[in-house]
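S.K.: Take a look at the letters that make up each chain.
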Amino acid sequence: MAETLLALHGLRKSFGGLLVTDDVTLDVRQGEIHALIGPNGAGKTTLIHQVSGTLAPDAGRIRFLGEDITTLSMPARARRGLARSFQITSVVPSFSALENAALAVQARRGSSLRFFRAASREAALNAEAMDALAEVGLDARAATPAAALSHGERRQLEIAIALAMQPRALLLDEPLAGTGPEEAERLIRLLSGLRARYAVLLVEHDMQAVFALADRISVLAQGRVIATGTPDQIRADAAVREAYLGEDEAA
Amino acid sequence: MRNPRLWLPLLVFVALAAAPFLGLGQGHSLTLLARGMIFGLAAVSLMLLVGGAGLVSLGHAAMMGMGAYAVVVLDHAGLTEAWMVFPAGILAAALFALLTGAIAIRTSGVHFIMITLAFGQMAFFTTSSLAVYGGDDGYTLFSRTEVFGARWLENRLVFHFVCLGALVACWALVQTLLESRFGRVLRASRENETRARALGFNPTPYRLLAYVIAGAMGGLAGVLLANATEFVAPAYLAWQRSGDLLFMVILGGLAGPHGALVGALAFVLVEEWLSHAMEHWRLVFGPLLILCVFFLRGGIVGLLRRG
Numbered sequence: 001m002a003e004t005l006l007a008l009h010g011l012r013k014s015f016g017g018l019l020v021t022d023d024v025t026l027d028v029r030q031g032e033i034h035a036l037i038g039p040n041g042a043g044k045t046t047l048i049h050q051v052s053g054t055l056a057p058d059a060g061r062i063r064f065l066g067e068d069i070t071t072l073s074m075p076a077r078a079r080r081g082l083a084r085s086f087q088i089t090s091v092v093p094s095f096s097a098l099e100n101a102a103l104a105v106q107a108r109r110g111s112s113l114r115f116f117r118a119a120s121r122e123a124a125l126n127a128e129a130m131d132a133l134a135e136v137g138l139d140a141r142a143a144t145p146a147a148a149l150s151h152g153e154r155r156q157l158e159i160a161i162a163l164a165m166q167p168r169a170l171l172l173d174e175p176l177a178g179t180g181p182e183e184a185e186r187l188i189r190l191l192s193g194l195r196a197r198y199a200v201l202l203v204e205h206d207m208q209a210v211f212a213l214a215d216r217i218s219v220l221a222q223g224r225v226i227a228t229g230t231p232d233q234i235r236a237d238a239a240v241r242e243a244y245l246g247e248d249e250a251a
Numbered sequence: 001m002r003n004p005r006l007w008l009p010l011l012v013f014v015a016l017a018a019a020p021f022l023g024l025g026q027g028h029s030l031t032l033l034a035r036g037m038i039f040g041l042a043a044v045s046l047m048l049l050v051g052g053a054g055l056v057s058l059g060h061a062a063m064m065g066m067g068a069y070a071v072v073v074l075d076h077a078g079l080t081e082a083w084m085v086f087p088a089g090i091l092a093a094a095l096f097a098l099l100t101g102a103i104a105i106r107t108s109g110v111h112f113i114m115i116t117l118a119f120g121q122m123a124f125f126t127t128s129s130l131a132v133y134g135g136d137d138g139y140t141l142f143s144r145t146e147v148f149g150a151r152w153l154e155n156r157l158v159f160h161f162v163c164l165g166a167l168v169a170c171w172a173l174v175q176t177l178l179e180s181r182f183g184r185v186l187r188a189s190r191e192n193e194t195r196a197r198a199l200g201f202n203p204t205p206y207r208l209l210a211y212v213i214a215g216a217m218g219g220l221a222g223v224l225l226a227n228a229t230e231f232v233a234p235a236y237l238a239w240q241r242s243g244d245l246l247f248m249v250i251l252g253g254l255a256g257p258h259g260a261l262v263g264a265l266a267f268v269l270v271e272e273w274l275s276h277a278m279e280h281w282r283l284v285f286g287p288l289l290i291l292c293v294f295f296l297r298g299g300i301v302g303l304l305r306r307g
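Residue numbers (my numbering), protein chains in the order written: chain A, 1 to 251; chain B, 1 to 307.
Hints should not be assumed to be uniformly reliable.
Stated by the list, open to error - If we take Cβ atoms under 7 Å as the criterion, some of the chain B residues that face chain A in the derived model are:
no.: 1; residue: ARG151
no.: 2; residue: THR176
no.: 3; residue: SER180
no.: 4; residue: ARG190
no.: 5; residue: ASN192
no.: 6; residue: THR194
no.: 7; residue: LEU208
Unchecked claim - Covered stretches of chain A, going by a simulated chain B footprint (3 or more residues, C-beta under 8 Å):
no.: 8; region: 57-69
no.: 9; region: 95-109
no.: 10; region: 140-154
Honestly, the hints are just simulated from the structure, not real lab data.
All C-beta atoms in this analysis are idealised placements derived from N, C-alpha and C, irrespective of residue type, glycine included.
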C-alpha cells in the first residue's frame, strides 16, 4: 500500500451547539485522489478549513508527512508542503498570472527578505512559474493580470499556483465550481494527471467528476464519515443512498 | 527608458534641482520648496505603508517628531554634528516604530488606524510635558546641524540640495523595495492576505519591517524639518499633521511612490498660496481637498496619466 501522507484522526469541531465535524478519521495516500462528498451542510468546507489550518479543531489530531501539524498555522503547513485551492478563487488580482505563480515559487525558493533586486526580473522564479502555468495550459496568458482572466482561467491559475508550490499534498476545494462543461472537462483531465505525483484531497459537488477522478471516496453526512471506499463500493452503499436521496425514496 | 513610470518623478526631481537657478533664488521660495521636499519625503515613506503594505497609519507625524526631538535633545546637550544628529534621529524613529509597530501590526483596518493614532497622541502629549525642552511652547534650536564644525546647512542653497538628495534617495529606496521580493510579499498580502498565507507567508514580520523602514525615513524627514525651521514643537507630532501626510499620499495617487511626492508638493504649495491669498483660507482648502477625493480617483498622478 502507498505511503499515507495526510491522516485525520478523530477530528471534532462544533459551532455553539452544532456539531459540524463529528469524529472524522480519514487518510490520503501518495498517488491517490481521495474525494470528499456529501450533501450541502455536511461539513466539507469546515473540514477543509481544519486541514489547511484556518480553523482549529476542538479535538483530534492531524498528521502530515509523519508529523503532528494540528497546532501549526496555515503558513507553516503550506511551507511543509500542504497546498490548498479555494472554493472561491483566491489569487492576487493585480498581479499577472506569471507573478501569481512566481510568488508561489518565491515562497519556497530562498529568502523573501531580499530588498534590492526586482523580483519580476528573477529568471529562476519566472522559469519555474512558467512551467506551472504551462502544465495547466495557461502559459499563453502569463502576462495577463489575474483580474482580467476569465473565471475558468482563474480556476486554472489557482491550480497552477498550488503546483508552483511543489507541494506533497493538494487540498482542492471545489475546483470545478462555476466552470462550464468544456472548462470542467479540461480541468478533470488536468486533475487526473496530477494523481501520480501528489496526495490529493478533493472536495467536489460534480458527481460525474468525482466518480471519474477519485480512487477512494469518503461520504460526509451531518459531520460524520458514513462511508469510505472505492467509487463502486460507494455507489452500492445503502447508507450513502439514504443520505443523498432521503429516507422516503430509499424505503 | 525601460520603465515609463519613472519619467514623471525624474521630471519633478529635475525641476526641483533647477528651481534655485530659475528665479526662485529668493530666500522664501527656497524655504518653501525645502518644506515641500521634506513633507514629500515623509509622504513617500508613508506611501510604503499605505500603498505597499496596506497599512493606513494615522500616526506617521510621530515618526517625524521622533527625528525632530532627537535633534532637540542633542542640541540641548550641545551636540550638533551631522554624523551624530542624523543617525540619532533615524534610529529614534525606527525604534519608536519597532516598539509601537510590534503591537499595532497585530490589528488591521480601522483598528490599525486607531492604534497608530493612539501611539501618535501618546508621543504628542509626552513631548508637550517635557518642560526641559520647552513643553507646549516648543524649543528653538541653538543652531542648525553642523558638518564637521562647518555650518553648511545654514546656506539655503546647500540645504535645498541636501533635502533634494534625501528625497531622491528615499524615493528610490521605496521604489526598489516595492519591486523586490520583500515588496512583492507586502503587495500580495495587502491584496489577498489569505492567498499569501496559503502560500506559506506570514505577513506580520514583513509588515513590521516595512513599518520600521517607513518610520526611519519619517525620522530623517523630522531631522530635516527641525533644521528647516530651527524650531521644534509638539505640534509637529499632532494627529492633524498625520492626517495631512495621509492626505498627501491619497491626493497624489497610490500608483507609486512618486504619487506621494507630487501630492506633498501640491499640498504644501497650495496651502502656502491660499494662506497668503485670503484670511479664511481653510474654508477653501478643506472643500478643495474633498473635491479632490471625489473627482481624482487615481490622484493627481492618475489625472496626469490620463491626460
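S.K.: Honestly, which of those hints from before does the structure not fit?
M.R.: Those not satisfied are hints 1, 4, 7, 8, 10.
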